[in-house]
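Residue 559 in my numbering sits at position 396 of the sequence shown, with consecutive numbering throughout.
Worth double-checking, as some hints may not be accurate.
Stated by the list, open to error - Cβ-Cβ distance ranges computed for the label pairs, FRET-style:
| # | residue 1 | residue 2 | range |
| --- | --- | --- | --- |
| 1 | Gln579 | Val832 | 50 to 60 Å |
| 2 | Leu202 | Ala495 | 25 to 35 Å |
| 3 | Phe788 | Ala744 | 17 to 27 Å |
| 4 | Val586 | Pro482 | 19 to 29 Å |
| 5 | Asp787 | Leu728 | 26 to 36 Å |
| 6 | Gln561 | Arg688 | 39 to 49 Å |
Just so you know, the hints here were simulated from the structure itself, not pulled from any lab data. We put the beta carbon where it would ideally sit given N, CA and C, even for glycine.
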Amino acid sequence: MSGGSRRTAEGGAAARRALPRWWSPVHGTVAGVGGAGALAGLWVLVAPSSGAGPVLAVDWLGGALAVCVLTLVTCAAEIAAVRLRHGDETEEITLLDPAVLLNVLLLPPRQALLVSLAGLVLAYVLRRRAVVKAAFNLGTYAVATSLLIVLLRATAGDAGRTDLRLVAAMVLGTAGFVAVNVLFLSLLFAVRGAGRPLALIREDLRLSALTLGGTVGLAATTVALLRTPTFLPFAALPSAALTYAYRATVTEAEERQRSSRVLAFSQILAASPGRDAAVSAFLRLVREGFSADDALAIFDSGEVLALSGSGDAEPRTLPMTPLHRELSRLAADGALLVGGDRLPPGWTRAMAAPLDGDGGPVGAVVVGRRDSAPLRPRDLTVLSPMASALAEALGREQHLAQLVEETSKLRAVVAQSGDGILVLDGDGVVQLWNPALARLSGRSEEEALGRPLGALLETRDLQGNPVDAFAEGLRLLSPATPEVAVDLEVTRPDGERRSVRCAHAATFDEHGLVRDVVNVHDLTRERQVERLKSDFVATVSHELRTPITPIKGYADLLRRRGDGLPAQKRTKALDVIADRAAHLSRLVEDLLLASRISGDQEPVRSLVISETELTALVTRAIEDFSADADRLRYTSGPPVRVDCDPTRVIQVLTNLVANALKYSPGTSVVRLGVTVRGDRGCVEVRDQGRGIPADELEQVFEKFHRVEDPMVMSTSGTGLGLYVARHLARGMGGDLTVDSVLGQGSVFTLHLPLARSDGGQPTPPPGGSAPLS
């Protein structure tokens with residue numbers, strides 16, 4: 164056997180850094196083997212027994228003729244090679260072993276060694292073998308042949324005898340010859356990264372045993388035929404038989420390797436690797452499995468991935484060329500062998516197979532060689548299913564990526580949805596519970612998952628009857644009506660009630676409900692708006708009816724009996740009509756102003772800001788409440804000048820005083836005072852009424868909000884006064900705030916900016932503030 168490879172294997176990265184660029188661990192191994200061969204050959208040449216005659220002599224074959232004939236036979240035996248792959252390395256199985264054994268039997272020791280090496284050199288010259296490879300093989304065969312000579316001559320006994328002792332000597336010598344060859348080849352392959360030495364030796368055991376028997380048998384048969392020249396042509400028969408046996412063994416070994424690689428690839432795909440990992444593993448396995456130099460994956464998307472044996476650890480990306488497109492087009496019709504001008508530069512032959520999965524063709528794979536080793540049609544039967552498996556794996560990977568993307572989008576929609584979303588199984592057990600539903604219900608996702616919906620939520624129907632939310636939906640659902648909506652009232656763990664609409668979308672099979680997807684929309688705000696509208700209609704109707712009734716009554720009275728009424732009564736009737744008309748005017752003005760505010764028409768547009776004395780405005784505001792003067796307490800203090808619209812300030816203060824009187828007991832006192840807080844002038848209106856709940860302190864400034872239930876309220880009003888008052892205050896650069904204690908009363912404070920001096924600073928009041936008395 165002779166060993167070698169088509170490409171130069173590199174050592175590890177550390178070795179490459181430590182050694183010169185022209186040197187590698189392979190060179191060191193070759194040098195060591197060459198040195199061992201030189202020493203072994205020198206020992207044979209100078210040993211005392213080197214002058215002995217041949218072990219077996221043939222009368223007609225001797226002298227120069229024997230040297231020439233056996234040199235040519237050795238050369239021919241080396242050229243007739245069968246290649247066996249070890250990863251990226253190639254071992255060549257030849258008939259050189261029996262030729263060398265024949266040389267040792269028919270020639271003296273010195274001539275046997277020289278003829279064997281000369282035949283090898285001649286074969287390497289004819290085959291243009293690389294110098295490093297030739298040096299390694301010559302060193303290996305020098306050591307192996309020397310050992311063969313020593314063992315055979317030490318065991319054979321007397322020359323010329325053909326007995327069992329000679330046969331044993333031939334077997335022993337050949338065993339030593341084969342052992343040296345296998346050992347050195349395994350060492351070289353290990354250095355080049357083709358595997359571990361012991362593993363490679365075990366891999367060659369069967370073939371080595373066959374080589375041993377074939378070598379001895381062929382050499383013995385040839386010697387016997389040489390002594391009978393008439394039958395010499397028949398010596399070719401055992402040679403052909405042995406070569407055929409070698410080829411069969413090599414074919415079987417290659418099939419085993421390919422099967423193991425197919426299995427390895429199947430295991431890789433079963434692990435669901437990513438796209439890049441699957442393509443990389445595929446290219447590596449097919450390149451090694453088919454003893455190829457290059458492997459390409461050409462995708463219809465324009466991507467080309469290539470893996471070559473010239474040091475590529477991972478596939479590299481190549482630009483798409485017309486040649487790549489042509490190879491992909493050829494493979495689209497089925498796997499085929501490719502040759503000629505349709506191959507990339509440097510390639511001698513190739514085979515291609517389509518990447519055709521369930522989703523259709525996505526490209527092609529191409530395996531190429533740069534030497535004369537053939538690619539056979541049966542190779543296509545292995546490549547095609549592997550390519551199909553890769554295409555299906557890539558399709559699954561693409562589908563999985565799409566599924567992950569769509570799932571991610573769906574999760575984002577569910578997580579970001581403003582409506583509550585839940586998924587129930589056929590028994591009403593929660594399988595999904597989104598954040599919006601957690602906020603709406605007061606139940607976290609951890610609390611909800613895996614529990615029946617009825618055990619999670621306390622719900623009532625529109626009539627206030629307790630119901631099971633799942634059972635209520637299931638009662639209306641059916642295969643014919645898989646989508647229904649149910650309105651319920653949900654009571655949260657903190658006692659708050661929410662009005663919701665549950666939109667069910669159910670899936671049924673022959674056994675019943677399978678899944679129910681429920682969208683939970685919070686109707687609480689909508690119901691509040693509807694109630695506010697109803698309350699507003701009722702309130703405005705009441706407020707309009709209240710002043711209209713006396714206006715209508717006194718107007719009728721004046722029309723019928725006006726001339727006959729005493730002057731005092733007539734004046735009183737006219738005063739009532741004027742007062743009620745003014746009330747109606749204020750009501751309409753509030754409604755119009757609220758409408759402008761709601762329509763984003765800034766109230767600032769209608770304001771006329773000027774520097775005004777605040778205490779004077781307070782005095783003017785309380786003059787409108789002469790009938791309740793005994794309940795108002797205000798002591799005027801030093802003037803406080805502010806920037807404001809005087810008319811609007813009086814409107815705000817009038818509203819605050821009216822509310823304070825309206826919501827306080829009939830005999831209680833309402834106190835007013837003016838203070839300065841920082842750069843603000845403030846008017847405080849304090850009542851002794853029922854107070855405002857803490858959770859409604861801000862709601863009182865909302866449109867139409869009433870602290871009382873409008874259906875049982877004991878005070879009049881539209882719920883617009885404070886809404887308008889705050890917007891007016893803020894339009895003047897100030898604010899309107901409230902503090903309240905239930906059962907003790909409320910304090911409303913109007914904040915207005917102090918007037919600016921010529922330097923732009925607030926003008927301080929000349930004295931203190933007007934205190935509440």
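Unsatisfied constraints (hint numbers, rising): Result: hints 2 and 4 break, sorted rising.
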